[in-house]
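**Student:** Below are the chains, spelled out letter by letter.
Protein chains: 2
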Amino acid sequence: MSSKSNVTIQDVARAANVSVSTVSRVLNDKDDVADATYKRVQRTIDELGYTSSLAARSMRSDHTRVIGLIALDLDDPFVIELLKGINDAIQSFGYDLILYASGAKAKLSRAEWERRHVSLINGSIADGVIIVTPTAITLPSTAPLIAVDPHKGDTDYPAVIATNRKGARQMTEYLIQLGHRRIGFIAGREGLKSAEQRLRGYKDALNEAGIPFSDYLVEPGDYRRQMGFISAQKLLNLRPRPTAIFAANDESAIGTIEAARQEGLRIPRDLSVAGFDDLPQAAYLTPSLSTVSQSIPEMGRIATKRIIRLIDGETLRDRVRQVPTELIIRHSCRPLNQTASQDIQMRELE
Amino acid sequence: MSSKSNVTIQDVARAANVSVSTVSRVLNDKDDVADATYKRVQRTIDELGYTSSLAARSMRSDHTRVIGLIALDLDDPFVIELLKGINDAIQSFGYDLILYASGAKAKLSRAEWERRHVSLINGSIADGVIIVTPTAITLPSTAPLIAVDPHKGDTDYPAVIATNRKGARQMTEYLIQLGHRRIGFIAGREGLKSAEQRLRGYKDALNEAGIPFSDYLVEPGDYRRQMGFISAQKLLNLRPRPTAIFAANDESAIGTIEAARQEGLRIPRDLSVAGFDDLPQAAYLTPSLSTVSQSIPEMGRIATKRIIRLIDGETLRDRVRQVPTELIIRHSCRPLNQTASQDIQMRELE
DNA sequence: CTGTTAGCGCCTTCAC
DNA sequence: GTGAAGGCGCTAACAG
Numbered sequence: 206m207s208s209k210s211n212v213t214i215q216d217v218a219r220a221a222n223v224s225v226s227t228v229s230r231v232l233n234d235k236d237d238v239a240d241a242t243y244k245r246v247q248r249t250i251d252e253l254g255y256t257s258s259l260a261a262r263s264m265r266s267d268h269t270r271v272i273g274l275i276a277l278d279l280d281d282p283f284v285i286e287l288l289k290g291i292n293d294a295i296q297s298f299g300y301d302l303i304l305y306a307s308g309a310k311a312k313l314s315r316a317e318w319e320r321r322h323v324s325l326i327n328g329s330i331a332d333g334v335i336i337v338t339p340t341a342i343t344l345p346s347t348a349p350l351i352a353v354d355p356h357k358g359d360t361d362y363p364a365v366i367a368t369n370r371k372g373a374r375q376m377t378e379y380l381i382q383l384g385h386r387r388i389g390f391i392a393g394r395e396g397l398k399s400a401e402q403r404l405r406g407y408k409d410a411l412n413e414a415g416i417p418f419s420d421y422l423v424e425p426g427d428y429r430r431q432m433g434f435i436s437a438q439k440l441l442n443l444r445p446r447p448t449a450i451f452a453a454n455d456e457s458a459i460g461t462i463e464a465a466r467q468e469g470l471r472i473p474r475d476l477s478v479a480g481f482d483d484l485p486q487a488a489y490l491t492p493s494l495s496t497v498s499q500s501i502p503e504m505g506r507i508a509t510k511r512i513i514r515l516i517d518g519e520t521l522r523d524r525v526r527q528v529p530t531e532l533i534i535r536h537s538c539r540p541l542n543q544t545a546s547q548d549i550q551m552r553e554l555e
Numbered sequence: 206m207s208s209k210s211n212v213t214i215q216d217v218a219r220a221a222n223v224s225v226s227t228v229s230r231v232l233n234d235k236d237d238v239a240d241a242t243y244k245r246v247q248r249t250i251d252e253l254g255y256t257s258s259l260a261a262r263s264m265r266s267d268h269t270r271v272i273g274l275i276a277l278d279l280d281d282p283f284v285i286e287l288l289k290g291i292n293d294a295i296q297s298f299g300y301d302l303i304l305y306a307s308g309a310k311a312k313l314s315r316a317e318w319e320r321r322h323v324s325l326i327n328g329s330i331a332d333g334v335i336i337v338t339p340t341a342i343t344l345p346s347t348a349p350l351i352a353v354d355p356h357k358g359d360t361d362y363p364a365v366i367a368t369n370r371k372g373a374r375q376m377t378e379y380l381i382q383l384g385h386r387r388i389g390f391i392a393g394r395e396g397l398k399s400a401e402q403r404l405r406g407y408k409d410a411l412n413e414a415g416i417p418f419s420d421y422l423v424e425p426g427d428y429r430r431q432m433g434f435i436s437a438q439k440l441l442n443l444r445p446r447p448t449a450i451f452a453a454n455d456e457s458a459i460g461t462i463e464a465a466r467q468e469g470l471r472i473p474r475d476l477s478v479a480g481f482d483d484l485p486q487a488a489y490l491t492p493s494l495s496t497v498s499q500s501i502p503e504m505g506r507i508a509t510k511r512i513i514r515l516i517d518g519e520t521l522r523d524r525v526r527q528v529p530t531e532l533i534i535r536h537s538c539r540p541l542n543q544t545a546s547q548d549i550q551m552r553e554l555e
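Top line first, the protein sequences correspond to chains H and X.
If you number the first sequence the way the numbering used here does, the last residue is 555 and the count never jumps.
If you number the second sequence the way the numbering used here does, the last residue is 555 and the count never jumps.
In case anyone wonders, no lab produced these hints; they're calculated from the structure.
Do not rely on the hints blindly, as some may be mistaken.
Note that identical chains are pooled: a pair holds if it fits in a single copy or bridges any two copies.
Said to hold, decoys possible - Straight-line distance between alpha carbons at most 25 Å, and here's what the computed DMTMM-like set of lysine to aspartate or glutamate pairs gives:
1. Lys-510 / Asp-361
2. Lys-439 / Asp-281
3. Lys-408 / Asp-359
4. Lys-289 / Glu-503
5. Lys-289 / Asp-278
6. Lys-510 / Asp-278
7. Lys-510 / Asp-236
8. Lys-439 / Glu-395
9. Lys-510 / Asp-281
10. Lys-357 / Glu-531
11. Lys-371 / Asp-409
12. Lys-312 / Asp-293
All values reported here derive from a predicted model rather than from experimental measurement.
Take these sequences, add in the hints, and give me the full structure.
**Tutor:** Here it is, written out as structure tokens:
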């Protein structure tokens, strides 16, 4: 298969009657190349539709102006939102973006998969890598690397993370303020710092309000809808039933809403539901979802800026950068014991 | 910057006391390597955490088992859904996926951008490429290439496309059957075959029903929400106003709904709205969106299978593969002139 | 069964 | 200003 017969630098050199090095110089805007030569070479490049081989280039030179993104779950909305922000940011910096996903997902442990991808991409094809919700605590990073929503504990890589604890506390406070006392909690993905912090924030608010923390009101989660559904079912089978459920992210909250619907419960009338993330679809749900915004695209933009700084050899003042969260009140939560007439009034106020 | 000091095949060879070629053989499961040697090398690889450089590998050998995806709009839900399907499919075939997005988007024409990316990726780093909604009619493909939702007219690449004309006809027929006669249409992205076919389907149904086609009921679109919003506003300013609007895709339909809301119209009471795509969020809208499903992830899976077949040197029997569409009736359209009581009855039937 | 050799396309000295 | 030569990490003959 001679499918690789692309135009090479040699072809250009021949056609323009110069040596390959001269073409290379033109390509990289180097030194002084005689004006006439420059133009001639440039013209030849255009005519032949030449593009320098990414593979050869990354092999030879120590930078490629490419940023790698490593994410296992391509159907995780968090990853998609992040991708938007990163794609947005690279436009301003003249970098390219590469997203690499291996088909060997099933065979490897999550941490193993991550390590493989980092060493595959980083330092060769990409100048630096952004990794999303890593499970690994240490990553083989010869080239710069930054994590978004990192693993808990002491990780050896810099990170971007939202003010999860504060955000979760505010949401819980809001629910308490609405009169809720039995507030179920569906946890986040095991091992992630964000999950840990959100649970902390929930406990903080309970504590502060003098509500004793109950183990049985907390069910496990993994930030995915399906798990949210299952855990919500368990919570809804409790007697007395929780009057509100705070899910550690929007996907879990959607799973919760589905579970509640299946039980014949109406939201927010019979159950208040809150999420975390503020995905675009949160606003479109019925009822629209009250949640904590962590402005995911913004996190992507920040991660991009920081990885570029790292690539440029600068050092980060703060190894972990906190991105502020914001409480978003919509219509999926309502005061406990509100009467129907009050309910109507409330609706009309909107 | 010595950031590239990754473990190389040489390091492994030295550590395992063999030549690089032997390591290479182990890496690629080649020939016969003495069992003892194989194990020793394998162990060394693991110990050193070695990963072969993608760049070097793709430069040397004529296949990489990597499929490239080229898509300009990373925030286009169509692309995201497709990505899911492709990512799903590569798992079964042992291929890897690379998504490449350059930051130089603004500077180039769309077709130019596409050409650049194809020649950048294809044949070097990727064995074949899937390109989404290309504007270019010819693409510099030395290696296999397949388009999803191709450009109109005679393109020189194979493609995967839905039965757009039929789908659009069915939706329009449905609206007509509900009693609508003034049906506005918001077109798809200029130049795409799908856009052309959907408009055709709309006209087909009108024709068939003996409803004269009116130019002023068709507004331009580009498959994006914003444009859908603007075009919907124009349609809603018409007197008499259309009683239904069929948007060429779901994003445009969402824009339409927003425009209608802004005009104080209620859906489907004052205006029926239909889309095309059946994005996941279509079901979550209020009212849920009646649309034409083209099962985008499935299109991604099919495209993946076909590009792999092409890579394997097989030929495709049909250069363009049609994927069936399906009419999805939800709640955003309703019979014209239905009385309020009928309306209630209808709701209760669900 | 294993090592040696010759490049893949490109960039970078070092000459001229 | 420009060309020639060497080598990045790897694979594919060709020898042994």
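**Student:** Does each hint fit the structure? Answer for all of them.
**Tutor:** Checked hints:
With identical chains, the CA atoms of Lys-510 and Asp-361 are at most 25 Å apart within one copy only, with a shortest distance of 19 Å there and 40 Å across copies. Taking the closest pair of Cα atoms, Lys-439 and Asp-281 come within 25 Å of each other only inside a single copy of the chain (24 Å); across copies the shortest separation is 36 Å, beyond that limit. In this homomeric assembly, Lys-408 and Asp-359 come within 25 Å of each other (Cα to Cα) only inside a single copy, at 22 Å, whereas the closest approach across copies is 63 Å. Taking the shortest alpha-carbon separations for Lys-289 and Glu-503, both the intra-copy value of 9 Å and the inter-copy value of 23 Å come in at or below 25 Å.
For the homomeric pair Lys-289 and Asp-278, the shortest alpha-carbon distances inside one copy (15 Å) and between copies (9 Å) are both at most 25 Å. Both within a single protomer and between protomers do Lys-510 and Asp-278 lie at most 25 Å apart by alpha-carbon distance, with minima of 23 Å and 21 Å respectively. In this assembly of identical chains, Lys-510 and Asp-236 lie within 25 Å of each other by CA distance neither inside one copy nor across copies; the values are 28 Å within and 47 Å between. In this assembly of identical chains, Lys-439 and Glu-395 lie within 25 Å of each other by CA distance solely inside one copy; the values are 18 Å within and 50 Å between copies.
Proximity of Lys-510 and Asp-281 under a CA criterion of 25 Å is satisfied in both settings, with 23 Å inside one chain copy and 23 Å between copies. Taking the shortest Cα distances, Lys-357 and Glu-531 sit within 25 Å of each other inside one copy (22 Å), while across copies they are farther apart (45 Å). Taking the shortest Cα distances, Lys-371 and Asp-409 sit within 25 Å of each other inside one copy (9 Å), while across copies they are farther apart (57 Å). For the homomeric pair Lys-312 and Asp-293, the shortest alpha-carbon distance between copies (14 Å) is at most 25 Å, but the shortest distance inside one copy (33 Å) is not.
In terms of the numbered hints stated before, the structure departs from hint 7 and from no other.
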